[in-house]
Amino acid sequence: MEQELFIDDVVKSYRRGRDTVPVLDHVSVVLERFEFLAVTGPSGSGKTTLLNLIGGLDTPDSGIVRVAGERIDTMSNAARARWRARSVGFVFQFYNLIPALSAWRNVELPLLTTTLTAAERKRHVDAAMTLVGLADRARHVPAELSGGQQQRVAIARALVADPRVLVCDEPTGDLDRASADAVLELLATLAASGRSTIVMVTHDPRAAGYATREIHIDKGVVMQPQVTPAQPALANV
Amino acid sequence: MKYVPLLWAGVCRKKMRVLLTMLSVMVAFLLFGLLSGVSTAFENAGQNDSLSRLISRSRVSYTEPLPLNYRNQIAALPGVDSVSFAVWFGGYFRDPKDYIVSFAVEPEAYFRLYPDLRISPAALAEFVRDRGTAVIGAALAEKYRWHVGDEVPVKSAIWPRKDGGAAWPLRIVGIFDDQRDPTQRRLMFLHYDYFDDMRTFGTGTVGWFITHVTDPTRADAVSEAIDTRFRNSGAETKTASEQEDTAAFIRQRGDISLITRAILASVFFSLLFLTANTVMQTRREAMPQTAVLKTIGFSSTTVFALALAETSVYFVVAAAVGLAIAAVVFPSLRDYVNLPGLPLRDIAAGIGLAVLAALLTSLPGALAAQRLGVIDALRSRD
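First to last, the sequence lines map onto chains U and F.
Heads up: the first sequence runs through residues 1 to 237, numbered per this note's numbering.
Heads up: the second sequence runs through residues 1 to 382, numbered per this note's numbering.
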């Protein structure tokens, strides 16, 4: 299958005053298209840093990061912003919706960076809202939605521009179990139906159980990659 | 247009704060509009005054009187058509705060010198005939609801009566108008002969002479001739055209324009600092949202433009509302400042200043948004 994610020998450290703190230590990960990867590990292990590199929010000190067919570690900031707009969707733990905008307008945001007409944007947004099952809540502002619904709006926003890769940082960290299951089932469906490749950072082993692959990071080092043995949620998809 | 909902969402983030900021900007620009209009009116003061009329005052001081007998000597000079005079009466009605701009004049000669003062011939004839009368401008009549036939007990802040009375009872016999210079509509004229007979001091003197010249191009020569005529006398004169005299009189009271602009400058600097601080606070609060926009692919330039537009728009809108109110209110000052409306020059200056102030106050926040590090901003939100 086609490689969607190619991370080779990546090193990343941060400056903290006079000290240099190593975060990722010669990390290599390869992911095929439409896989659903869970990145687990303890706090401070480097999993969010890895996610930021994959999402083009940060660049490594050394190594190669190729995502969705493009090498992004050598791109300028502006080029990475353009690349993010067309290739990656982001889902955050706290949804990060804009409170004064309706769900529909929040989902439309990534399309504002494109040259799509208003009619084309409407078609895309309506489709994304339908995909996450919130077409009837399009006019509601975030405060009028539950946490699970807000996260589904965030997923619709991440999907609306048809990105090849979806990066999710603790997407169920702020949700109750039922809402978390609904969001994870949605993510698993997106990968299984060949819509997006998904990389998800999570603390929760149960959430990781929805992924098709899992890697564990500890102290900036990738432990033995493993294939998730059972995918109970997918049985219901 | 596609960014309008996003801009609106930014404006609505803290509605009360935006509303209060807009109110302060609006009031500042209302003040700006009115004060600059008044300042322009002062700068233009005297422009309606005639170049063919000369004013001769005491060289020593505005308050120093001149002998009445100068009148015939001035009238005899070459180039002089006619001469009259006036005395500052310093009248007020009931309370010294309710001052009336009032002069004692020679009725017939004075109104001949000022043909723009429109009064009915019958009223003027009655004014000339009866020494205990007065004529008033239409605005003054309206202010105190005075009518022809009313006897009004006007008092003077300067001139006590010989009989010890404080009030100068005057019967109003006419109301005049001046379409060219509305400030004239606030004046009152009383009869010099009556005034001169009844005052306790200064008898036989006047405040200033008004000379009408036959040829305005020779006004300077006539001015010079008048001043030369009285040089080395006990009461030397200083003669200037009416325009110059008005401007000099206003200058004596201080540089109104400079004072006005100093007030405006202090208001604006305070406003700039306060608004810039509010805008910076707003931008700090908007940091997570800005980070999200950058994360999903908004370029730094777009984020900068959005942040700049978000605060500039409401600043400029509030300023425009303030200027609009000033433009609506300004004509009601027509009796005090000789301008029909807020000058376009001042409106344009206000808009220019609003745009500049909006950019200055928005720029630091917009630059901060442009330079925002996405990862740190997202981490601070989490």
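Derived by calculation from the structure, the hints in this document are not laboratory data.
Heads up, the beta-carbon is just placed ideally off N, CA and C, and yes, glycines get one too.
Don't take each hint at face value.
From chain U, some residues computed to sit far from chain F (all C-beta separations above 12 Å) [stated by the list, open to error]:
no.: 1; residue: D58
no.: 2; residue: R86
no.: 3; residue: P110
no.: 4; residue: T130
no.: 5; residue: D169
Taking lysine-lysine and the DSBU-like style, the derived pairs with C-alpha atoms no more than 35 Å apart in a straight line are [what the hints assert, rightly or not]:
no.: 6; chain 1: F; residue 1: K2; chain 2: U; residue 2: K122
no.: 7; chain 1: F; residue 1: K238; chain 2: F; residue 2: K97
no.: 8; chain 1: F; residue 1: K155; chain 2: F; residue 2: K143
no.: 9; chain 1: F; residue 1: K14; chain 2: F; residue 2: K2
no.: 10; chain 1: U; residue 1: K122; chain 2: F; residue 2: K15
no.: 11; chain 1: F; residue 1: K97; chain 2: F; residue 2: K15
no.: 12; chain 1: F; residue 1: K143; chain 2: F; residue 2: K97
no.: 13; chain 1: U; residue 1: K122; chain 2: F; residue 2: K14
no.: 14; chain 1: F; residue 1: K162; chain 2: F; residue 2: K143
Across the chosen pairs, the derived CB separations fall in these ranges [said to hold, decoys possible]:
no.: 15; chain 1: U; residue 1: R82; chain 2: F; residue 2: S270; range: 26 to 32 Å
no.: 16; chain 1: F; residue 1: R371; chain 2: U; residue 2: A127; range: 57 to 63 Å
no.: 17; chain 1: F; residue 1: P340; chain 2: U; residue 2: A78; range: 51 to 57 Å
no.: 18; chain 1: U; residue 1: S146; chain 2: F; residue 2: L360; range: 24 to 30 Å
(request) Mind listing which of the numbered hints don't hold for this structure, in increasing order? (result) 1, 2, 3, 5, 11, 15, 16 and 18
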